[in-house]
Amino acid sequence: EPEVTQTPSHQVTQMGQEVILRCVPISNHLYFYWYRQILGQKVEFLVSFYNNEISEKSEIFDDQFSVERPDGSNFTLKIRSTKLEDSAMYFCASSRQGEGSTEAFFGQGTRLTVV
Amino acid sequence: GDSVTQMEGPVTLSEEAFLTINCTYTATGYPSLFWYVQYPGEGLQLLLKATKADDKGSNKGFEATYRKETTSFHLEKGSVQVSDSAVYFCALRTRSGNTPLVFGKGTRLSVIA
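Protein chains in written order, with my numbering: chain A, 1 to 115; chain B, 1001 to 1113.
By construction, these hints were calculated from the structure, which means they are not laboratory data.
A portion of the hints provided could be inaccurate.
Unchecked claim - Only pairs whose alpha carbons sit at most 30 Å apart, straight line, appear in this in silico DSSO-like list of lysine-lysine:
| # | chain 1 | residue 1 | chain 2 | residue 2 |
| --- | --- | --- | --- | --- |
| 1 | B | 1060 | A | 57 |
| 2 | B | 1105 | A | 42 |
| 3 | A | 57 | A | 83 |
| 4 | B | 1060 | A | 42 |
| 5 | B | 1052 | B | 1068 |
| 6 | A | 42 | B | 1056 |
| 7 | A | 42 | B | 1049 |
| 8 | B | 1056 | B | 1105 |
| 9 | B | 1049 | B | 1068 |
| 10 | A | 42 | A | 83 |
| 11 | B | 1060 | B | 1049 |
| 12 | B | 1068 | A | 42 |
| 13 | A | 57 | A | 42 |
| 14 | B | 1060 | B | 1105 |
| 15 | B | 1052 | A | 42 |
| 16 | B | 1049 | A | 83 |
| 17 | B | 1105 | B | 1049 |
| 18 | A | 78 | B | 1068 |
| 19 | B | 1056 | B | 1068 |
| 20 | A | 78 | A | 57 |
| 21 | B | 1105 | A | 57 |
| 22 | A | 78 | A | 42 |
| 23 | B | 1060 | A | 83 |
| 24 | B | 1052 | B | 1105 |
| 25 | A | 57 | B | 1049 |
| 26 | B | 1068 | B | 1105 |
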């Protein structure tokens, strides 16, 4: 069964460093998303991506963040100059283009710890 | 803005007990409603969904009915198993297409034998 895969499963980084979280969406999907969940809090939307550009982003997704689809398979989230409050579980998701309540398929998440 | 409120966990039940996880929402328009489940070490998986009022979503013995009058989408299962131990997330999506999901905080369920 096709699935969304994320690497690494856990990343520890020093405050101020840059991190890149990687995702391989399902191959025939066209919409890609990043969400995050700070420990004990809600899963929050960060950004959606379609046709090689950002289609929607939340207030959380400021200039510190960027996304890229560098080739035909990977979808990355870059966090420049990480802060302690960036520590969270980051989920990648993808979905087919379509009408109605299209299901989003999620990866297993990357736990980012900023120290 | 749109929001989802779930009952606080953790919820601990004995095997074969009845499960209810409450979920209420606030949204403009007519959202689609979802329950996602996260088993230990895995990603979020869609458990069930309902797209309009009075629709009932069901899967793996779980059910939830879209109640517009009470803005609720409570998750129920008549007889839980140890394998149902997971974190359950209620979510909504407003508008059609591929708009972002709005999640609740999640409810951890532990089922003991």
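Now the hints, each set against the structure:
{"no.": "1", "hint": "B:1060 to A:57", "in the structure": "34 Å, violated"}
{"no.": "2", "hint": "B:1105 to A:42", "in the structure": "4 Å, holds"}
{"no.": "3", "hint": "A:57 to A:83", "in the structure": "20 Å, holds"}
{"no.": "4", "hint": "B:1060 to A:42", "in the structure": "25 Å, holds"}
{"no.": "5", "hint": "B:1052 to B:1068", "in the structure": "8 Å, holds"}
{"no.": "6", "hint": "A:42 to B:1056", "in the structure": "25 Å, holds"}
{"no.": "7", "hint": "A:42 to B:1049", "in the structure": "19 Å, holds"}
{"no.": "8", "hint": "B:1056 to B:1105", "in the structure": "22 Å, holds"}
{"no.": "9", "hint": "B:1049 to B:1068", "in the structure": "14 Å, holds"}
{"no.": "10", "hint": "A:42 to A:83", "in the structure": "19 Å, holds"}
{"no.": "11", "hint": "B:1060 to B:1049", "in the structure": "13 Å, holds"}
{"no.": "12", "hint": "B:1068 to A:42", "in the structure": "23 Å, holds"}
{"no.": "13", "hint": "A:57 to A:42", "in the structure": "17 Å, holds"}
{"no.": "14", "hint": "B:1060 to B:1105", "in the structure": "22 Å, holds"}
{"no.": "15", "hint": "B:1052 to A:42", "in the structure": "24 Å, holds"}
{"no.": "16", "hint": "B:1049 to A:83", "in the structure": "36 Å, violated"}
{"no.": "17", "hint": "B:1105 to B:1049", "in the structure": "18 Å, holds"}
{"no.": "18", "hint": "A:78 to B:1068", "in the structure": "40 Å, violated"}
{"no.": "19", "hint": "B:1056 to B:1068", "in the structure": "12 Å, holds"}
{"no.": "20", "hint": "A:78 to A:57", "in the structure": "14 Å, holds"}
{"no.": "21", "hint": "B:1105 to A:57", "in the structure": "20 Å, holds"}
{"no.": "22", "hint": "A:78 to A:42", "in the structure": "21 Å, holds"}
{"no.": "23", "hint": "B:1060 to A:83", "in the structure": "41 Å, violated"}
{"no.": "24", "hint": "B:1052 to B:1105", "in the structure": "23 Å, holds"}
{"no.": "25", "hint": "A:57 to B:1049", "in the structure": "24 Å, holds"}
{"no.": "26", "hint": "B:1068 to B:1105", "in the structure": "21 Å, holds"}
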